[in-house]
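A.B. asks: The primary structure of each chain is shown beneath.
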Amino acid sequence: MIRLKINDIPIEIEEGKTVLEAARAHNIRIPTLCNQADLAPYGGCRLCMVEIEGYQRPVTSCTLPCHDGMVVKTDSPQLKDLRRFTLELILSEHPYSCLICDKKEDCAKFMLCIQKEPVTLGCKYCSKDGKCELQVLVEELEIKEIPYPLTYRGLEVERWDPFFERDYNLCILCNRCVRACNEIRHAGVIQFQYRGPDTVVGTAFGLTHLETACQFCGACVDACPTGAMSERYGKWGGVPDKKVSTSCSFCSIACEVLLNVRDNAVISSEPEHHPLCVRGRFGISQFVHNPKRVTEPFLKKGTRIVEVEWDEALQAAVEKLREFKGRTGIIFSPNLTVEALDALIELENSGFGILGTSLDSLSAYADFSLEQFSKPAPIVVLNTDIIDDFSVLMLQIRKSWKEKTPLIVIDSAQTKTADKADVWLQPKLGKEEDLLQLLFSESDKRNTTGVANELIETVKAMFNGNGAYLFYNPSNIAHVKLPGSVKAIPLFARPNLSKIMNMQVQNSNDILHDDSIDCLFLVGESPSLKKTYKVIIAQDHFIPACGYDIFLPAATFAEVDGSFIALDGKRRTLNKAIEPVGKSKPDDWIIKEITNNLGVEAGTTTRAKEPTQKATPKQVKPTGKYPFHLVVRENNYRFRNKSLSSLMKGFKKFRNDDCLWIHPADAENLKLKDGKKVQIISKDFSLTMTAKVTDSVPAGTVYAFHDPSAGLVMDKIVRLECIES
Amino acid sequence: MAKEPIRILTKNWDIKNSNTIEAYIKNGGYKALEKAIKQMNPEQVMDEVKKSNLRGRGGAGFPAGVKWGFVPKDSDKLKYLCVNADEGEPGTFKDRYIMTLDPHMLLEGIAITSYAVGISAAYIYIRNEYIESIAILKTAIQEAKAKNYLGASILGSNFNLEIYVHRGAGAYIAGEETGLIESLEGKRAMPRIRPPFPAAVGVFNCPTVVNNVETIACVPSIIEHGGEWFAGIGVSKDGGTKLYAVSGHVNNPGVYELPVGTSLQKILYEHAGGIKGGELKAVIPGGISASVLAARECDIAMDCQSVAKAGSMLGSAGIIVMNNRVCMVEALFNIAEFYAEESCGQCTPCRSGSHWIKNILERILHGKGKTDDLEIMLSFIPGIMGRTICAFGDALCGPVQSFITKFRDEFEYHIIEGKCNIRNKLDIL
Ligand SMILES: Cc1cc2nc3c(=O)[nH]c(=O)nc-3n(C[C@H](O)[C@H](O)[C@H](O)COP(=O)(O)O)c2cc1C
Ligand code: SF4
Ligand code: SF4
Ligand code: SF4
Ligand code: SF4
Ligand code: FES
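These protein sequence lines are chains A and B, in that order. The numbering of the first sequence is our numbering, which starts it at 1 and goes up by one. The numbering of the second sequence is our numbering, which starts it at 726 and goes up by one.
It is worth saying that the hints were derived from the structure and are not from the lab. None of the values given here were measured: they were computed from a predicted structure. Think of the CB as a built atom: it goes at the ideal place given N, C-alpha and C, for glycine as much as any other residue. Please note: incorrect hints may appear among the correct ones.
[Unchecked claim] Derived DSS-like pairs: lysine-lysine, alpha-carbon spacing no greater than 30 Å straight-line:
| id | chain 1 | residue 1 | chain 2 | residue 2 |
| --- | --- | --- | --- | --- |
| 1 | B | K912 | A | K416 |
| 2 | B | K802 | A | K460 |
| 3 | A | K402 | B | K802 |
| 4 | A | K416 | A | K487 |
| 5 | B | K760 | A | K17 |
| 6 | A | K131 | A | K103 |
| 7 | B | K912 | A | K420 |
| 8 | B | K775 | B | K751 |
| 9 | B | K1001 | B | K962 |
| 10 | A | K404 | B | K798 |
| 11 | A | K621 | A | K531 |
| 12 | B | K912 | A | K17 |
| 13 | B | K912 | B | K760 |
| 14 | B | K912 | B | K802 |
| 15 | A | K576 | A | K235 |
| 16 | A | K300 | A | K534 |
| 17 | B | K1095 | A | K144 |
| 18 | A | K621 | A | K481 |
| 19 | A | K402 | B | K912 |
| 20 | B | K802 | A | K375 |
| 21 | A | K481 | A | K445 |
| 22 | A | K80 | B | K1095 |
| 23 | B | K863 | A | K399 |
| 24 | B | K802 | A | K404 |
| 25 | A | K399 | B | K802 |
| 26 | A | K420 | B | K798 |
| 27 | A | K683 | A | K534 |
| 28 | B | K776 | B | K798 |
| 29 | A | K144 | B | K991 |
| 30 | A | K404 | B | K912 |
| 31 | A | K621 | A | K592 |
| 32 | B | K775 | A | K17 |
| 33 | B | K991 | B | K763 |
| 34 | B | K798 | A | K402 |
| 35 | A | K73 | A | K131 |
| 36 | A | K103 | A | K124 |
| 37 | A | K531 | A | K325 |
[Said to hold, decoys possible] Partial pick of chain A residues on the chain B-facing surface, computed with a CB cut under 7 Å:
| id | residue |
| --- | --- |
| 38 | R46 |
| 39 | E93 |
| 40 | P95 |
Produce the entire structure from the sequences given, and follow the hints as far as they go.
C.D. replies: Set out below in structure tokens:
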């Protein structure tokens, strides 16, 4: 413990803390701009200067470690002058007219309409108005005029990337975005460029963020004290009325997230205790208030679809379920709340239908907690793009590690993670398990994996007998036998696994292939259908691709109280941030209403069939007729019945996940061009997709993301036909 | 002492093919390294350098032996030497001569320094424009390796050393020692916050010695002749000879090796051949970061303390001479423009302050100055000097303050009359 005095207040603080941290811990305010608690000290803005007894000059408190017996003064006329001088200089590089305007208090009443100007020339034109740190500092340091004219940089506003925009004319070069990108995300996308007054934040070679390794996590946007970086969708949302802490439901990690709410709308979301990924940071408000969302009940009457009241919609659903009692399949998405799942069990128990979901490989499920990863070890990632899909998990695991351990990727496709990896091993398709054997056990098996022996030896040397963590995609690898030193963790994209395992439900495919089923009740799912049904009841946020007869609008996770089970097996709470949009209702409410109206006599449980244990599909070799191997990858950017790309333009640009990845040599043989439509034909299905020609995938193989509504659910052998040239 | 001029750094420069290892060895080269390795232990080498009063020749004038002593002995990390060959300070052009004409003296110095501090890898961070020096250094390293003065088990001992030539990225700030380290690590040259100093945490987070080319090139003769001999050449606490690079309005511009503490008058009139094209008006004694001295202040000895006493600094000893036809507003604008362009952009006062000073000088120069412009510029000084991460901020303030206070009448003439008193006409650039 270190004892020091700040402004005559005796303070005790643990060793290694800075004077700024000591002051903050005791609510002594020191003006700062470049400091951010979770980033390394930078010392650039020079606002946080303090005086230390015995020191000749003022020093920056954000970089100065506390020493025993230090006597610190955080305020004096000299310091105030110094800070004013510095802030004036900062403002001379930033449009300041509104900051020092003596009418600024009254301005908002009259001038709201001038927001959304293409160029920001003052606070009233800026999306950060009311949230900007410069505004606070100008008040605090009582700056009334600035002796220098503004040097406007005249840079083009960077609007070409999805999710966020950058107007570096507003940048005050605090470097927070740069450090956030490097230190929080290890992404290294942005850095200062040029020198002197030309200094500006930018990417290497002026690439767009899409062309770099940018994860669109928004850590940079959240770090920015000014309006230089702004979220595209929520930027004009204004100052929130309240912030509601809840859990992001887009993936199984279930991050804590703060929803910013204004006038019963989610205007944006921000990280609470740890970083978010692009889905949680930029996806939530756009998802909840998506223009494609349907928030009223609809009913098919003859050939017409009409909007109805809840009573009528529920009544219709109940009638149909009664009519098709025992012939109804209830297919649900794992992305529901525990409460909704419980309600579904009740409904099934009433004997009106059988439950099914599209989860495979559940047998691989294993609980894990972050504590398991306290010991640093190399990370091996198998067939999953952990940077795109589970970046937050990896950041959390690595955060506590002092040393950086190697990242090894095993994947037949060149993913973003493969690009970032220390070693990328590209085995032949289907040889992943063999490769694992070669890597982890003293096997004298002949190496037929297609990976060079030297490379295998290099990786083995990296393990150095310390073991490793293996993260793998459960739907690609059926069975992996590993030594005890290797901790294997299957990464499931969907939540609620332990719950669903106990529910003992059918696989949705079995239901879809069951001829006796005439009615489907789809709760958050939209499968590709094998036959026509007499009735389809759909309960969701969006209209399912397979069509419907009765549509019941469900409230999103931002609109409900409830819970779900995250990848670590723990329960996460959902806190209602806004009232359900339109007439939508929580999933569990809808299901319970139906169950109650069905009028169930308790104890009539009849399970139509015992759940079947799915056999691992045998790998079929491509043949002359079907020369390509179609690999279907789990899509962590799907939620309930939609892929995020189909709902939001940003995700479409970022993920491009409705594309078929094909090797240039194969494309050339087929005379198929990038961006053109191609038909994929297998024994039992046919669909059209856009080709993405890339050498990230091996020849003879095409890759697509899992999409049940299109029938892309498992690996197949296929034939391709150009339908556009 | 000697009537013969003492030549330590320049002793081989007149020899034919002075940059080959044969010529160097023929003139006694690599004897000092052999002596150090075979007859002395590292502490003794370091003690000799401490005794020599060798001060850093890169600008700050910090005693070299003391700096080496800061490197922790018990650290189990690798230690590095970075030789600062960025030579970015305008008016400075001495290191290039050493590297081109006598690269082996530098290499021998590097080897001895590394032996003394326990270093096994040294980088020469060299200004990218020095294409010729880069090629010569690379050849010299090969030559020295072939003769086992570098490489593994040097001269049969267990001392190993690799030297790497690293080409700079072309920024003045990459010459600042922590900017250099960042640049060497492949990052943007942005000076680091100190403490920790490089001696504790330097390149790749390891203890690192950063020294100027000339500093290191002095080391072989210190070991050969002894620290006391070297100390005896200069003045108290500032030993040896110094390469004075004289440029500007003199008849014989060039690099002159003279004992530390030689008088400026002697350098200008005896060696550089006197003032050219007019009378002496002002001298910048140590590269543009040093405060300007008016002609009447030029009767000083050129060692660290004497120049400091005169209100300037010896710096890199790049002496820039100006005759009475030089417009001081234009000269300062030239300097300010350089600083405004070269600030790394981290610290507000340096980045923005240098920009404003340049802007204000530009308008004064164009006859559009305002009456309070001088006060505005001077009011910047307390906000910049000593308020920044690296010494760049101070380097900017020295010239601004000294030019304006010492030649105030010229600046005022520009402001009031809207034209230049030297050319007596509106200055159109
Ligand atoms: C802005 C700035 C630029 C510098 N440029 C150089 C340079 O080009 N060459 C050099 O040797 N030292 C330069 N220095 C000084 C170095 O920071 C450092 O003090 C020096 O390399 C230490 O070596 P020495 O002790 O041998 O002088 C510069 C310092 C500053 C503040
Ligand atoms: S969005 Fe994330 S990865 Fe992209 S630049 Fe910002 S911090 Fe870096
Ligand atoms: S963009 Fe924002 S966070 Fe980045 S340096 Fe500029 S002001 Fe700071
Ligand atoms: S990692 Fe998962 S839970 Fe976290 S923000 Fe992204 S989608 Fe949401
Ligand atoms: S003083 Fe100037 S050059 Fe030095 S770190 Fe600060 S901004 Fe960069
Ligand atoms: S907060 Fe300390 S220098 Fe910016």
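A.B. asks: None of the hints should be skipped; say for each whether it holds.
C.D. replies: Quick rundown of the hints versus the structure:
1. B:K912 x A:K416: holds, 23 Å
2. B:K802 x A:K460: holds, 26 Å
3. A:K402 x B:K802: holds, 16 Å
4. A:K416 x A:K487: Holds - the C-alpha atoms of K487 of chain A and K416 of chain A are around 23 Å apart, at most 30 Å.
5. B:K760 x A:K17: violated, 48 Å
6. A:K131 x A:K103: Holds - the C-alpha atoms of K103 of chain A and K131 of chain A are around 18 Å apart, at most 30 Å.
7. B:K912 x A:K420: holds, 18 Å
8. B:K775 x B:K751: Holds: K775 of chain B and K751 of chain B sit about 28 Å apart, inside 30 Å.
9. B:K1001 x B:K962: Since the Cα atoms of K1001 of chain B and K962 of chain B sit roughly 34 Å apart, the hinted pair is violated (cutoff 30 Å).
10. A:K404 x B:K798: Status holds; Cα separation ~26 Å.
11. A:K621 x A:K531: holds, 28 Å
12. B:K912 x A:K17: The given pair, whose Cα atoms are some 27 Å apart, holds under the 30 Å limit.
13. B:K912 x B:K760: violated, 39 Å
14. B:K912 x B:K802: holds, 21 Å
15. A:K576 x A:K235: Distance ~23 Å between K576 of chain A and K235 of chain A Cα, so the pair holds.
16. A:K300 x A:K534: holds, 12 Å
17. B:K1095 x A:K144: With Cα atoms ~22 Å apart, K1095 of chain B and K144 of chain A stay inside 30 Å; holds.
18. A:K621 x A:K481: Holds, because 24 Å separates the two Cα atoms, which is no more than 30 Å.
19. A:K402 x B:K912: holds, 21 Å
20. B:K802 x A:K375: Roughly 23 Å between the alpha carbons, so the hint for K802 of chain B and K375 of chain A holds.
21. A:K481 x A:K445: Status holds; Cα separation ~15 Å.
22. A:K80 x B:K1095: With Cα atoms ~27 Å apart, K80 of chain A and K1095 of chain B stay inside 30 Å; holds.
23. B:K863 x A:K399: violated, 42 Å
24. B:K802 x A:K404: holds, 17 Å
25. A:K399 x B:K802: The hint holds at about 24 Å.
26. A:K420 x B:K798: violated, 37 Å
27. A:K683 x A:K534: Satisfied, since the Cα-Cα distance of roughly 26 Å is no more than 30 Å.
28. B:K776 x B:K798: Judged against 30 Å, a Cα distance of about 20 Å means the pair holds.
29. A:K144 x B:K991: violated, 55 Å
30. A:K404 x B:K912: holds, 19 Å
31. A:K621 x A:K592: Judged against 30 Å, a Cα distance of about 47 Å means the pair is violated.
32. B:K775 x A:K17: Roughly 36 Å separates the two Cα atoms, so the pair is violated.
33. B:K991 x B:K763: violated, 41 Å
34. B:K798 x A:K402: This hinted pair holds, its Cα atoms lying about 24 Å apart.
35. A:K73 x A:K131: Roughly 29 Å separates the two Cα atoms, so the pair holds.
36. A:K103 x A:K124: Distance of about 12 Å is within 30 Å: holds.
37. A:K531 x A:K325: holds, 19 Å
38. R46: holds, 5 Å
39. E93: Given a least distance of 6 Å, the restraint on E93 of chain A holds.
40. P95: At 15 Å from the nearest chain B Cβ, P95 of chain A fails the 7 Å test, so the hint is violated.
Comparing the model with each numbered hint stated earlier shows that hints 5, 9, 13, 23, 26, 29, 31, 32, 33, 40 do not hold.
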